[in-house]
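*Asks:* Those protein sequences? They're chains A and B, same order as listed. Residues in the first sequence are numbered consecutively from 1, following the numbering used here. Residues in the second sequence are numbered consecutively from 1001, following the numbering used here.
Take the hints with a grain of salt, since some may be wrong.
Straight line, CA to CA, 25 Å or less: simulated PhoX-like cross-link-like pairs of lysine-lysine [what the hints assert, rightly or not]:
(1) B:LYS1183 - A:LYS173
(2) A:LYS173 - B:LYS1182
(3) A:LYS134 - A:LYS173
(4) B:LYS1240 - B:LYS1183
(5) A:LYS161 - A:LYS173
(6) A:LYS134 - A:LYS161
Simulated coverage check for chain B against chain A, where a stretch passes if three residues somewhere in it have a Cβ under 8 Å from a Cβ of chain A [unchecked claim]:
(7) 1011-1019
(8) 1040-1053
These aren't lab readings, by the way, just hints derived from the structure by calculation. Glycine residues also receive a C-beta, built at the ideal position from the N, C-alpha and C atoms.
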Amino acid sequence: MGTPDHSLVMRIVGRDESALAELYDRYGSLVYGVALRVLRDVSAAEEVLQDIFHRLWNVAGRFDPARGSLPAWLAVTARHRAIDRLRQREPATDSETAAAEISLPFDLEEQVFRGHMLERIRAALARMPESQRKLVELAYFEGLTHTELAERTGEPLGTIKGRLRAAVASLRKEFGGLADSARK
Amino acid sequence: MNAHIQFAEDVDLLALGLLGEEDCAALRGHLETCAECRARFHEARALAALLALSSPPAEPSAGVRKQLLERLRAGRENATRDARAPKQEESRRAGFWGWTNLGWAVAAVILVAGAALMMEENRRVQGQVQSLQAEIAGKQQELDRTRAVLDLLRSTDTVHVHLISGSEPWPWPEGRVYYHPKKGLLFVGSHLPPLDPGMSYQLWCVSEGGTPASAGVFRPDAKGNAAVMMPLAKMAMSPKAFAVTVEADGGAQAPTGPQVMVGEQ
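Only chain B is shown next, with the shape it has when bound in the complex (with noise of 0.2 Å):
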């Protein structure tokens, strides 16, 4: 079989940590003069960290995140400790230099602050330009979203639901989804009760005939409030209803819980 064929083969397998050390070590070779199974690589690999971030979120106790700052902490005094030992080591050699030497040593020294100083205000000002462009590159996803929100929100053409629920007492769920044919489905919900832990709700789009397709999961926050972003893409019909109903967390490839609230166009 052609060499490259099989290597190609394998690479799905070596991005999800598969192959043995010696099939391994090979493949890689060949990846670093294979442009096309090296793209490919690349791209099971971010399929492969799908699968990881597939587990089911759990809650670990309270400790450890107490622990995780106290061993920072820690971390944090130990190095200072240590940064003040060799500066007391310097001066104490320093005195073994003699007169005669002591010019250079001032001259030295001098020189290596300078330098190190230099460094330091380098290294700064690289990390606040650094700090600059990931706030900003942060600050145009944000705008991007917020503007793919109001589109849809000013769009002459979007419909506005209102999802109502008859059972609970005041102030009860609801809940408004704006869709829009061309541009996706927005959900807005508020008064939602808090949830048993490893619960979430399920907005539900549901079709002419009736078949509901999951438009999302999602947990309420403090004040009762969530809501649901839906791109175009990611739609695949024309609903003409809309639910939520409570399921367990990751949510049903069908609704199984009871509903919270519903709305019609």
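In isolation and in its complexed conformation, chain A is listed as follows (with noise of 0.2 Å):
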């Protein structure tokens, strides 16, 4: 097993570049899916991939692994870097800031837990009725609010938000045992 992420992003405030290559090495697909998921577009998503290295480079003195989970804080951050520059607009550092706070009951850093709990969540995803998991993918990965999302596809704004709800219930039924433990 490697480094823990909390000793790498304590060697990044010390200014260790290995401990960045390291962490990247380790997240680095993780993040770059995020970005061209929500780009679909390889040039953009490689710039959005850097950025966010690079700005775990400038802000690692402000994580606290004591209350967010490394890779939550990449892939949240990755997204919503991503939506912004989908939208063009200018980054939200309270977003970011947000995301920092974001804490997982299972860490990612060893590989085959990682794959093993990433398949569980594309299992929840697959099983999610196809109305609910469209209107999710939408919503998250293209950064529609629930108003966007109703002109989008012609459904009232209630039945938009009653699925929107029902799609964060069932991730809750899957993970909510894990989830109790993420709450402050």
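Put the two chains together into one complex, using the hints given.
*Replies:* Structure representation (structure tokens):
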């Protein structure tokens, strides 16, 4: 097993480039995958990938591993940054700060376990009714508000909200026992 | 409708980033005063993070890594250059103070330098403490995992199943499953051939009725070795047989690819 994430983050605070390189090797494909899914453009996604790890280099001192999960921060920040780029708006640092406080009840540092958990997450999404899953993907990976979703799909706003709440409820049912420990 | 109920219903939407600005502002105001909604929001935010993590991983071009490291080095060189400039500026200004103010200037510089050194030392020590704390936490996690594995291996009730492949040339892929009905499962594989990009191995537990359930997706290391640990809480059945197949990255709901090895109790 490799060096724990929080040790590598501390080394980044000490300006150790090899620590950032190690985290890039560990999570680069995950971050790139998120950016590519939102942007659907290799060049733009690679720019976001580089920006996210450069950002980590600059803000590592503010990241507290006791309060937040690094892969969650990387994935959520990548999603925010990619959507900001998609919608041609300035990156918002408050969403990035909030992402540093997302705590996952499992860690994804160990590759085998990471593969297992990510497979579980994808399987949970695949089990959602198609109407819910499509809506979640439109909402989460295109950054549309529920009002914009209603306009895009032609569905009533109440229906949109109901399906999205149901989607989160199904994730809560799958991971709720684990997510209880994520509460602060 | 009761305002709290309305806010509680929108917490999940806020966590997904789906509320418009006006609704966001109102709900954020409510979260500051409602512990129940705040707890729900933190949970929903963690669940929303899982959505981001559900994206299939993809390999960027090798040039991105190189550019990133070059960017870091260029930033450090600029920072070093900028750090020297203010010091040159200070010594130039000191020339204008005149001899009558020199004593005060020297005293001020000594005080400032002393304070800066103390602050730097303090920051360095704090950094070391944090680093050690992080290391200790990491070591504890590793220790807990190691204990769980040893506990499983040492138990006299642990079932040991040997998975073999009959079709591959020597050294053929093989695996060993250590399964305990109250402790979970450990799979260790060896001589696993490397896979094409986009493919992974998937471990299956097969019930007495023949229904397979996924126990994990993995890729071997450069030496062809792999390990999967599945705690008891994640096992949905008592398996009677185990198999490994080749599937697309992310795994499959049921075995679809070629079987690499199999074994039964």
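*Asks:* Each hint should be assessed against the structure and marked as holding or not.
*Replies:* Now for the hints, and whether the structure bears them out:
1. With a C-alpha separation of about 24 Å, the suggested pairing of B:LYS1183 with A:LYS173 holds against the 25 Å cut-off.
2. Simply put, A:LYS173 and B:LYS1182 have alpha-carbon atoms about 23 Å apart, close enough for the 25 Å limit, and the pair holds.
3. The suggested pairing of A:LYS134 with A:LYS173 holds, with an alpha-carbon distance near 19 Å, which does not exceed 25 Å.
4. For a cut-off of 25 Å, the pair hint linking B:LYS1240 to B:LYS1183 stands: about 16 Å separates their Cα positions.
5. A threshold of 25 Å between alpha carbons decides the hint, and for A:LYS161 with A:LYS173 the separation of about 18 Å falls inside it, so the pair holds.
6. For the hint linking A:LYS134 to A:LYS161, the alpha-carbon distance of about 13 Å falls within 25 Å, and the restraint holds.
7. Residue count for the stretch 1011-1019 of chain B with a Cβ under 8 Å from a Cβ of chain A: 7. That meets the three needed, and the coverage hint holds.
8. Restraint check on the stretch 1040-1053 of chain B versus chain A: 12 residues with Cβ-Cβ distances below 8 Å, three needed, restraint holds.
Hint compliance for this structure: no hint is broken.
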